[in-house]
Structures are given as structure tokens and as C-alpha cells.
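Colleague: Dock chain to chain to rebuild the complex, using the hints, since each chain is given by itself in its own frame.
Same order as they appear, the protein sequences are chains R and A. Taking my numbering, the leading residue of the first sequence gets 1, the next gets one more, and so forth. Taking my numbering, the leading residue of the second sequence gets 1, the next gets one more, and so forth.
Derived by calculation from the structure, the hints in this document are not laboratory data. Each residue gets a CB set at the ideal place from its N, CA and C atoms; glycine is no exception. Take the hints with a grain of salt, since some may be wrong.
[Unchecked claim] Here are some chain R residues the structure puts well away from chain A; computed CB gaps all over 12 Å:
no., residue
1, Val15
2, Ser29
3, Ser65
4, Arg88
5, Tyr130
6, Gly136
7, Leu144
8, Arg160
9, Ala161
10, Asn164
11, Asp179
12, Lys184
13, Glu211
14, Glu212
15, Leu217
[As the list claims (entries may be wrong)] Simulated crosslink set (DSS-like; lysine-lysine; CA at most 27 Å straight-line):
no., chain 1, residue 1, chain 2, residue 2
16, R, Lys67, A, Lys371
17, A, Lys299, R, Lys121
18, A, Lys299, R, Lys85
19, R, Lys140, A, Lys17
20, R, Lys133, R, Lys184
21, R, Lys123, A, Lys17
22, A, Lys11, A, Lys299
23, A, Lys11, R, Lys129
24, R, Lys67, R, Lys123
25, R, Lys85, A, Lys14
26, R, Lys195, R, Lys184
27, A, Lys299, R, Lys123
28, A, Lys11, R, Lys133
29, A, Lys14, R, Lys129
30, R, Lys67, A, Lys299
31, R, Lys140, A, Lys11
32, R, Lys19, R, Lys3
33, A, Lys371, R, Lys19
34, A, Lys11, R, Lys121
35, A, Lys14, R, Lys121
36, R, Lys140, A, Lys14
37, R, Lys85, R, Lys129
[Unchecked claim] Just a few of them, taken from the derived set where beta-carbon distance is under 7 Å, the chain R residues facing chain A:
no., residue
38, Val84
39, Arg87
40, Phe93
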Amino acid sequence: MGKWNVIELQGLSRVYYLKSGEEIRAVDSVDLVVPEGEFLTVIGPSGSGKTTLLNLVGGLDMPTSGKVIVDGLDVSRLSEAELVKFRREKVGFVFQSFNLIPTLTAVENVEAPLAPTDMPKAKRIERAKYLLKLVGLRGKIDRLPIELSMGEQQRVAIARAFANEPKVLLLDEPTGNLDTVTGKEIMKLCHEASKNRGQTVVAVTHASYIEEYTDRLLYMRDGRITNEIPEAELERTIT
Amino acid sequence: MVLITYIYALKELKRRKYRTVINITGFVIVVATLVALVTTARGWEAATAEPLKDIGTDMIMIYSAPVVPSGTGCYIANHLFSFPFNQSNIAEISEIEGVNRAVPVLMHRMGAVVFTGIDPRETKTNAVLPGNVVEGRYLTSEDGDVVLVDREYARLNNLTVGSEVRYMKGMYEIVGLVDVDAANILKSHIYVNLPVGQKGLPDDNIGLVNIALISVSDPRKVDDISETLTRRWLGATPIAASDLAATTSGVITIGEEMAWNVSFTLAVVAVLFTIRSQLAAVAERSREIGILKAIGWSKSDVMIQMFIESALQGAIGGVVGCVVGCGFAWYFLSTIGRVSSIDPTILVAGFCVALVSGIAAGLYPSWRVAKLTPMEALRTV
Chain R
1 MGKWNVIELQ GLSRVYYLKS GEEIRAVDSV DLVVPEGEFL TVIGPSGSGK
51 TTLLNLVGGL DMPTSGKVIV DGLDVSRLSE AELVKFRREK VGFVFQSFNL
101 IPTLTAVENV EAPLAPTDMP KAKRIERAKY LLKLVGLRGK IDRLPIELSM
151 GEQQRVAIAR AFANEPKVLL LDEPTGNLDT VTGKEIMKLC HEASKNRGQT
201 VVAVTHASYI EEYTDRLLYM RDGRITNEIP EAELERTIT
Chain A
1 MVLITYIYAL KELKRRKYRT VINITGFVIV VATLVALVTT ARGWEAATAE
51 PLKDIGTDMI MIYSAPVVPS GTGCYIANHL FSFPFNQSNI AEISEIEGVN
101 RAVPVLMHRM GAVVFTGIDP RETKTNAVLP GNVVEGRYLT SEDGDVVLVD
151 REYARLNNLT VGSEVRYMKG MYEIVGLVDV DAANILKSHI YVNLPVGQKG
201 LPDDNIGLVN IALISVSDPR KVDDISETLT RRWLGATPIA ASDLAATTSG
251 VITIGEEMAW NVSFTLAVVA VLFTIRSQLA AVAERSREIG ILKAIGWSKS
301 DVMIQMFIES ALQGAIGGVV GCVVGCGFAW YFLSTIGRVS SIDPTILVAG
351 FCVALVSGIA AGLYPSWRVA KLTPMEALRT V
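Pulled out of the complex, with its shape left as it was, chain A reads as follows (with noise of 0.2 Å):
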């Protein structure tokens, strides 16, 4: 029976063409946006949240930004002397509930050059890290007057490990070269131990701190942290991934629930869509039906191949929507330069929303159908 019936849906869809690719066309477009977005979404996700995990936290508090920054470390140095932040405060913030560890930073900016000053014994989660150092070595607890360079910075003003660089009143001594990534939030042209960069601040600023960069032990809790510190330290600029997002111009921002939620909108119309066409159909093959019923076939024998129809129509457009959703989040990606392979997970899904929504497209019909009697369907002309 079901081969039959296969066969038959087949041709049923071959002969009515305009029809067949109007509803794949609506299964495409539910399938390819729900691809699309989701995958767009998740790859801008990770894309935002690559600068902090680079890092290794999950956000960043700066003391006294009166603004989100816009994404340079440049930003946050030059709102250094506005609110300072006493490094005992980061003892407080390890103590929130939800928050893991919290690592002190200073950061500053002399002229055009960045200067940070780190602990180095926070081997996990800094500024820099020593994954970092690309020759030379990484900077340890005891150093005084050295400092690690940024290579890029070092490149232009031909500073090699060994040489000297100016900081505030001093020469230092550069141990290591370091290769930060551009999109780091925190990226400075020099690094040094967090009591000489201290120690560089005018006399009343000494054992002063303003960035926290904090772990946390459940992710979807960096809302509520967020809420915490801002209560706790007003005029303090906590930034978590998705801040990072709002704030970049130029690629739309969407959320994998908003991505799910229009995908699911879309299908509801591709189901309505489908019903109406699929009745058509109905009304179209009254005769047809009515032959079946009178050769002995039985309502749900019908019935099965109205199903079958719509399914197939909902898994042909899930396959292509699944091609064409590729293709849009594959560009939507490349324009954030974050081209990753696509979750086989959102393509199953995609396949089975078309195929659920071709099949519940079909209930209403087939309902229909099965209650045409033979004579009723006959003797439509």
C-alpha cells in the first residue's frame, strides 16, 4: 500500500507544479531563516563573546566608565583617574554569590601607549596570559622593572626582547613579546607586574585597581551579577558578552530565541499556507477521491496519501530550506569574519519543523477527504 501511495503522491506533486513549489517555496523559507538565524545568532554569540573568553572570563567590570566602551582598550584607560577602585574591592567582588574568582587589573594610558599592569600569578584568567608570549617569556610576581611588550607595538618602534622600553620615569627591560588578539578588549602595547604599574600612579593612587575581570559560576547568572555590582559599586561598568554585542554597529544583532521564535511564526503561516492549497487540491481531486473510495480503498487508505503529500512537500522544502539556510548564514557570518561549521542539530531540527508543519498542514485536509462519501465525491465534475 504505502508504495503505491508514494508513487502516487509523487505524480500528484509533479502534476500540480505550480502548486507543489508555492508550498515547498513556504517550507523553505521557515526552514532557511530558522537555519539562518539560529546559526547567525549562535556564530555572533561566540564571535562576542570570544574577546572575554580570549581572556578567560565571563565579563569585565570596570570601575568609573560612564559608558559602555567600544570595544578598545583605550577607552577604559582613559577613564582611569575618573572613579579609582581600591584593589581590596576585588576581595569583595570574589565574594558575591555566583562569582568564582575576580582578577584585579590596572590600565592606563600615557599618550597614545596603553600601559597594563597584571598579576601574573593569575595564569588562567588576565590580561595577557602566557599562552601569550610569542618569544621571550611571561612575566612572574617577583619581576620589578620589566615588562612584556605587545609584538605588533614592538615591530614599529624595533624593540626586541632585551631592550628597553620607557615607562612613566624608568627604562624597563622587555623579558617577553606578546601577540594579543585584536578583538581583546583588554589589549594594551605593555604589560607589567600590577605593583610597578601601582607604583607609577601619582602618590595617592598607590595599591589602586580599575578592572575586575570576573569568573562566574553559572553563565546564564551574568545578568543578575551584572545587577549586583552595578548596586554595590555605582558608577562601576560591568560588560558581558552580549554588551560587547549591542554595541558593535554595522551587523544585526539577533538572539537564538528570537531566531526560534520567528521560524516558528513563519511556519505557522507555511501550515495556513499549505491547508488552503492543500483544500484546493482536495476540491480539485473530489472525483478522483471518489474513486478510490468506490475501487476500495478506505478513508484512512486516503487519507495516508493526503498525508503523504503534505509531508513530502514539507520534507522536500526542509532538505532545501536546510541548503538555502546554510548558504545565508555561511554570507551572514562571513560578515563578521566567523565562517564555522553548521550545527547538525539546527538542520535536523530545521527538517523536522517542515516536515511537523507539512504533516499538520495535511490533518485539516485529509479530514476533509475522509469525509467526502464516494457518491458526494463522484459526482463532482
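Just chain R, same shape as in the assembly (with noise of 0.2 Å):
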């Protein structure tokens, strides 16, 4: 029996019409399925609608055509309440500049995404102090994100990610602002919760060593995405 499709895409569109008449198909007719599990990068030029793509999944952005399937939920047509609840536990965001809340302590800031559940505060900060520990920042929890490096605040913001445990992780260009041994570390977090907790991964990345840890590479051009990777664009991402 195969694997449980946790992501579905299905004729996919994100059209933006500008003030000038002129519309911009940033995603245009995307049909994708992504397993339980996988590790799926998706990498081509800048301004290709790699970030619309993933703001769609996450319901961060709606669709003007097509459906986003995720864990079983039509994004597209849930309420507003349902996609808060949504978005706090099916998806887990990680952005290239971090996002993280600077007046917030790391802990505060893993912590962030839980606030609005149920769960009591002695037990949201066990959890946020626990995911610092499994980034390697256990030493640092107290710290601004002004007062770690740049690995350090992106890690976590992967602490903050895993939070709620969600289904799926969108990384966003996760190590654009960071060298590569860092990057590297990075990505190796996010593959293990890939492997480690059935977690299905979509990373949008430019990372020239993405192919150590993706189990599926696509290539998006034009809103469009395909799995032929011109021999440039893959002789520049997997050296």
C-alpha cells in the first residue's frame, strides 16, 4: 500500500492582476502530490512563484484556481477559523530571514505558537525548552534572537516550527542567509524530522547541497513546475 498523500495540488493557480490590467500567473495550473514523509525541494529562478506555491499549501495565500489538499482539508474553501486552526496545527513555517519576534527570548518564541492552545503554560514551556534542546540550543534559551547568530536564530525557528508537531514543514529558502556548514546543519534538522517523525517536507532553496537530504527535486519556472531540472540550473544547485 502506498503512502498516504498528504499534500494534493490540483490545477493550482495564483493569478495577481496589477492596477495596470496586466495579470501575473505566479502559480499556473500546478498539479502535485507530495507523500506522508518526503522531503521534496523545489528550486528554480527567482520570482518563479516558489514562495506563492508555498504560502498556498500553508493558507497563508488563496488560491484563484484549483485546490490545495493538505492532510486531507481543502484549504481553499476552509473559514477563517478554520484555517487559523489550520495553520497553527497542520503546518509549520520556517522563513529565509527567521521571522522571529526580537522581543521575544528563543523560549518565548518557540513557545509563540502554542500560546493560543489549550495547553497549559507550565507544559508549553517544557515543550518549547525541549524543541531549543533538540536544535542544540539548550544553553540559550533565554537569549534574544538579537544575541544568537543567524544558525542559532534559524534554529530556532525550527524549534518554533515543530511547536505543534504539524503534519507539514514549508521551509522557505531556510538557509539563504547562512554559510553552508550551518546550512547544512539546517537542513539535516529538517531531514531528520522528515525521517524521524513521518513529517512531510516541501523546501523552496537555492542550497547547492539540497541533494544530501531531498528525496525529490522539482524544478518551477514560470509558475509552472516540472521535474526536468535544466542541466544549468542543476549543474548550479547540486555541485
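Modeller: Rendered as C-alpha cells:
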């Protein structure tokens, strides 16, 4: 029996209409399935629609047409309250610029997604500490983001993404601001999450070392996804 | 949820120190103004009403005085013979609706000495009351050629209980020394039984008085009664506590109602200012708001966050404003020599005004935050 498809994209399009009347097809008729526990990486040039694709999968943006089904839920048909619950329980985001709350400490940043849940405060803190320990930041839980290196900040962001044990981890250029060694550590963490916890990972990255961690590599250009990766892009990405 | 939003709110306020201080200062000004003005107004009102309260009356009607007196008995005495007022008029005053009681007083002056004739049966409302006696006894209605003398006047003239003092054409025995507050508008040197005082007037003035001390059933109707008195007895001058306040110079007089109005006007300004400031904060923090929404915070969670920040600023401003307001109230009241404890209700009201203003100031920015989609917010750099 095959694995359960956690993500299903059916004819997914996202069109932006400019004031000039021009339309931009950021995502154009994408069909894609991602089975449970797969580490999928999407590469492609800037402006090809990769981030928009992640936002659609994560329920941060709504498609113009087509369907986004995540863990059996049709994201495009969810109400506002259901979308909040979906983002809280089903997906974890890791952004290129970390996007930590600058005034909160590492442990408070990781606790933040748990705050709106019914979990008691003590348990939330306990879980946040555990996750920070998991990403190797045991001794730095009370530090502010500014007091952490960029690699450490991204580890906090990953711990935060793990907080609610999401089905899907969405990584938007997670190593974009990191050096190769740190970037590899981050990708390793995400890879382990995918394999050990059965989490499905969709990563958008330009990292050259991605092949070590990914199960499947797709190419995106002008809003469309293909398995055929141009030789030049492949050479640039995977060396 | 609540705890992290508080921690987050406090840290945000700390991060934006300058803006926070400005916002809080706005609330401090509102509350300090409210506490200082209302307390001062009340203290002032009490201070001006005291001379009347001391003699157990709500208002004094002087028959003849063409202008409001300056606050001393001498002025009233100076106008005694201008417009004589028959004692029978006192009974008529008593019958005016809203008047509980009218007590006759005759006050006049001989040289530098002010004499006052009183009805000693009136022991609750009178120019001098039994409680003012510090030595000897109070007058009785049977007393003839005896007087009460102001203690200070007695000291300056070496007079004691039992010694005699000259009044009009005769000598009178001092039966008591009295201590009357300097603020008492009817303070005199010598007090005699009313018929004795009237006997001392020229023949055609027998039975006359020139002052009525009036107690009213409802102090709020003092103005109405005052108007009735003026209409019926042209040339009569009713004096209430507010009139005394109006004639006192050197201190700004301010009513409590005006104090509240000024404070509410300032509160509106503070709210508008804070709204503007919070909107700027929303703009600056759009990306953070996007992150919070992306990690599963709902609109209401983010709105509550903004609310707490505004309310915290209001609450801090409220507490500091109460302290500052107390300081100003203490200073203002000390200038009129009436430092008293501040009504806790005013402090609670001041704090509530700041808190409600803070919450009100958070409404619109919170609504703006709620409207932002995670995508819009995250796109902001």
C-alpha cells in the first residue's frame, strides 16, 4: 500500500492582477502530490512562484483556481477560523529571514505558536525548552534573537515550526542567509524531522547541497512545475 | 495565552521606549489634570463654604449692601443704616419655599468696633454659637446689659470675663469670651442680645435687623432662593458660598463640572494621539503581525495583543497621573491653606478614565491589524 498523500495540488493557480490590467500568473496550473514523510525540494529562479506555492500550501494565500488539499483538508474552502486552526496545527513555517519576534526570547518565540492552544503554560514552556534542546540551543533559551547567531536564530525558527508537531513543514529558503556549514546543519535537522517524525517537508531553496537531504527535486519556472531540471540549473544547484 | 501576550506587550512597550513614554505622558496629563482640578475644585468649594457652614447656614441675606461684601463683617456693618430691614421680614423669608429657617442678626459698627446683636435661642444657626465660647458662658434670651467679647479683642484691650466694656451709651458686663474663625463673615468684636442691640439704635430703628441667616432644605436650590429674595426685597444681597469664592482674589476658581469637562477634552486628545501612535506601531510591526498569524494566532489573538499594549499604557499613565495629580492638588490646596486628603473615588475615576481611554485608543489600530492578511503583513519589510 502506498503512502498517504499529505499534500495534493490540483490545477492550482494564483494570479495577481496589477492596476495596469496586466496579470501575473505566479502559480500556473500546478498538479502535485507529496506523500507523507517525503522531503520535496523545489528549485528555480527568483520570481518563479516558489514562495507563492508555499504560501498557498500553508494557507497564507488563497488560490485563484484549483485545489490545495493538505492532510485531507481543502485549504481553499476553509473558513477564517478553520484556516487559523489549520495554520496552527497542520503546518510549520521556516522563513529565509527567520522571522522571529525580536522582543521575545528564544523560548518565548518557540512558545508563541502554542500560546493560543489549550496547553497549560508550564507544559508549553517545557515543550519549548525540549525543542530548543533538540535543535542544539539548550543553553541559550533565554536569549533574544539579536543575541544569537544567524544559524542559531534559524534553529529557533525550526524549533518554533516544530512546536505544534505539524504534518507539513514548509521551508522558504531556510539556508539563504547562512553559510554552508550552518546551512547543512539546518537542512540535516529538517531532514531528520522528516524521517524520524514522518513529517512531510516542502523546501524552496538555492542551496547547492540540497541533494544530500532531499527525496525529490522539482523545478519551477514561470509558475509551472516540472521534473525536468535544466542542466545549467542542476549544475548550479547540485555540485 | 494571556501571560505571553502580557510579556510580549510589556517587551514591545519597552522596545519602543520613546513612543511609549509619549503615549503614557498623554494619559498622565489627562489623569493628573482630572485629579488636580477636581480635588482643587472640591477643596476650594469646601473652603469657601466653610465660613457659612461654621455658623450653620447655607446663605446670608444682607439687607442694604449694594455690592457683594469682601468677606469681612465690617463691610456689612458699614451698610447697616442705608436700607433698614424690619425683623418681621425674617418671618416672611422663613415662608419662602425651600427655606428651612431664617435667623435674624443685627450688625453695626461704632468707630472701629463691630457689634452684633443675636437671638441666643438660635443655637444651631447664628453669628456666634455656644461652641465658640472659650471662657465664661453663652448669652441667654433673658440677658440684658451683658455681652460676649471676641477673645482676641479682649486680649488687646485687657478685658476678661467679669470686666465691663462700653457699648453705645452704657457699660456692659462681659459674661463670656468667644473664639470665632477669622473666615467667619459675621465675625465681630462684641456680641449682644438682639433687643439690646436694637435698643442701641436711633429711636426710629427699633426692631430692625439687617441680616438673615438662611438654612435651606436643598443646597442645590440656593440660587433659586437667592433669586426670589432679590426679587422680593430690592436692595437685598443674598450671599452663598459660590459668591464668596467668586470675590476672593488670588486663586483661580474652578468648578468641578468644568474640571471634568477639561479632563474629558484632554482624554479625547490623548486617545486620538495614542491611536495615531498605535497605528504607526501597527505599520512598523506588520511583519511581526504576519508571523504571528502565520504561526496560528487568530485575528482576535492579535487584536488582544494590541489592546493589551494600549490598555497597559493607559493603566501606567493612570497610576502615574494619580500621583502627579495628587502632587498638584496638594500644591493648589496649600495655596488656600486647605490641604486635605484626596477622595479615593477621584483617583479610581482618574485611573478608569486612563484605562478606558487606553482601550479606546487600541480599538481602531486593533481593527486595522485584524484586517491584515498574513500575506500582506509578511510582504512588509
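Colleague: A separate judgement is required for each hint: does it hold in the structure or not?
Modeller: Structure-based check of each hint:
With 12 Å as the threshold on Cβ separation, the claim that valine 15 of chain R sits away from chain A holds: the shortest Cβ distance comes to roughly 14 Å. Residue placement check: serine 29 of chain R keeps its beta carbon more than 12 Å from all beta carbons of chain A (closest about 21 Å). Separation of serine 65 of chain R from chain A is adequate, the least Cβ-Cβ distance of about 17 Å exceeding the 12 Å criterion. At the 12 Å boundary, the C-beta of arginine 88 of chain R falls inside the reach of chain A, the nearest C-beta of that chain being 3 Å off.
The non-interface label for tyrosine 130 of chain R is consistent with chain A: the shortest C-beta to C-beta separation is roughly 17 Å, beyond 12 Å. With a cut of 12 Å on Cβ distances, glycine 136 of chain R stays outside the contact zone with chain A, its closest approach being about 21 Å. At roughly 9 Å from the closest C-beta of chain A, the C-beta of leucine 144 of chain R falls inside 12 Å, breaking its exclusion from the interface. Taking the minimum C-beta to C-beta distance to chain A, about 7 Å, the non-interface status of arginine 160 of chain R is violated against the 12 Å cut.
With a least CB separation of 8 Å from chain A, alanine 161 of chain R falls inside the 12 Å interface cut-off, contrary to its annotation. Annotated as non-interface, asparagine 164 of chain R brings its C-beta within 12 Å of a C-beta of chain A; the closest such distance is 7 Å. With a closest Cβ-Cβ approach of about 23 Å to chain A, aspartate 179 of chain R is found to remain outside the 12 Å limit, as its non-interface label requires. Listed as a non-interface residue, lysine 184 of chain R keeps its Cβ farther than 12 Å from every Cβ of chain A; the least gap is roughly 25 Å.
At roughly 28 Å from the closest C-beta of chain A, the C-beta of glutamate 211 of chain R stays outside 12 Å, upholding its exclusion from the interface. The beta carbon of glutamate 212 of chain R sits about 28 Å from the closest Cβ of chain A, which is more than 12 Å, so the claim that it is off the interface holds. No Cβ of chain A approaches the Cβ of leucine 217 of chain R within 12 Å, the least distance being about 26 Å, so the stated non-interface status holds. Note on lysine 67 of chain R and lysine 371 of chain A: the hinted pairing holds, with a Cα-Cα distance of about 24 Å set against a maximum of 27 Å.
Among the hinted pairs, lysine 299 of chain A with lysine 121 of chain R is consistent with the structure: their alpha-carbon atoms are about 21 Å apart, no more than 27 Å. Restraint check for lysine 299 of chain A and lysine 85 of chain R: the C-alpha separation of about 12 Å stays at or below 27 Å, so the hint holds. About 26 Å separates the Cα atoms of lysine 140 of chain R and lysine 17 of chain A, which keeps this hinted pair within 27 Å; it holds. Between the alpha carbons of lysine 133 of chain R and lysine 184 of chain R the distance comes to roughly 18 Å, so the proposed pair stays at or under 27 Å and holds.
Between the alpha carbons of lysine 123 of chain R and lysine 17 of chain A the distance comes to roughly 32 Å, so the proposed pair goes past 27 Å and is violated. A C-alpha spacing of about 20 Å is found between lysine 11 of chain A and lysine 299 of chain A, which places the hinted pair at or below 27 Å, so the restraint holds. Taking the CA atoms of lysine 11 of chain A and lysine 129 of chain R, the gap is about 20 Å. The hint holds against a cut of 27 Å. Of the pairs offered as hints, the one joining lysine 67 of chain R and lysine 123 of chain R is violated, with about 36 Å between alpha carbons and a cut-off of 27 Å exceeded.
A threshold of 27 Å between alpha carbons decides the hint, and for lysine 85 of chain R with lysine 14 of chain A the separation of about 31 Å lies outside it, so the pair is violated. Between lysine 195 of chain R and lysine 184 of chain R the alpha-carbon distance is near 16 Å, which keeps this suggested pair within the 27 Å criterion. Taken as a hint, the lysine 299 of chain A and lysine 123 of chain R pair is honoured in the structure, with Cα atoms around 24 Å apart against an allowance of 27 Å. Taking the CA atoms of lysine 11 of chain A and lysine 133 of chain R, the gap is about 24 Å. The hint holds against a cut of 27 Å.
Using a Cα cut-off of 27 Å, the hinted pair lysine 14 of chain A and lysine 129 of chain R holds, with the two alpha carbons roughly 25 Å apart. Restraint check for lysine 67 of chain R and lysine 299 of chain A: the C-alpha separation of about 25 Å stays at or below 27 Å, so the hint holds. For the hint linking lysine 140 of chain R to lysine 11 of chain A, the alpha-carbon distance of about 19 Å falls within 27 Å, and the restraint holds. At most 27 Å may separate the alpha-carbon atoms for a hinted pair to count; lysine 19 of chain R and lysine 3 of chain R exceed this at roughly 44 Å.
A C-alpha spacing of about 21 Å is found between lysine 371 of chain A and lysine 19 of chain R, which places the hinted pair at or below 27 Å, so the restraint holds. Taken as a hint, the lysine 11 of chain A and lysine 121 of chain R pair is honoured in the structure, with Cα atoms around 19 Å apart against an allowance of 27 Å. As the CA atoms of lysine 14 of chain A and lysine 121 of chain R are separated by approximately 23 Å, the hinted pair is consistent with the 27 Å bound. A threshold of 27 Å between alpha carbons decides the hint, and for lysine 140 of chain R with lysine 14 of chain A the separation of about 22 Å falls inside it, so the pair holds.
About 23 Å separates the Cα atoms of lysine 85 of chain R and lysine 129 of chain R, which keeps this hinted pair within 27 Å; it holds. With 7 Å as the threshold, the beta carbon of valine 84 of chain R comes within range of chain A, its nearest partner Cβ sitting at about 4 Å, so the hint holds. Among the interface hints, the one on arginine 87 of chain R holds; its C-beta lies about 5 Å from the nearest C-beta in chain A, closer than the 7 Å criterion. Restraint check, phenylalanine 93 of chain R versus chain A: the minimum CB separation of about 5 Å is within 7 Å; hint holds.
Of the numbered hints listed earlier, those contradicted by the structure are 4, 7, 8, 9, 10, 21, 24, 25 and 32.
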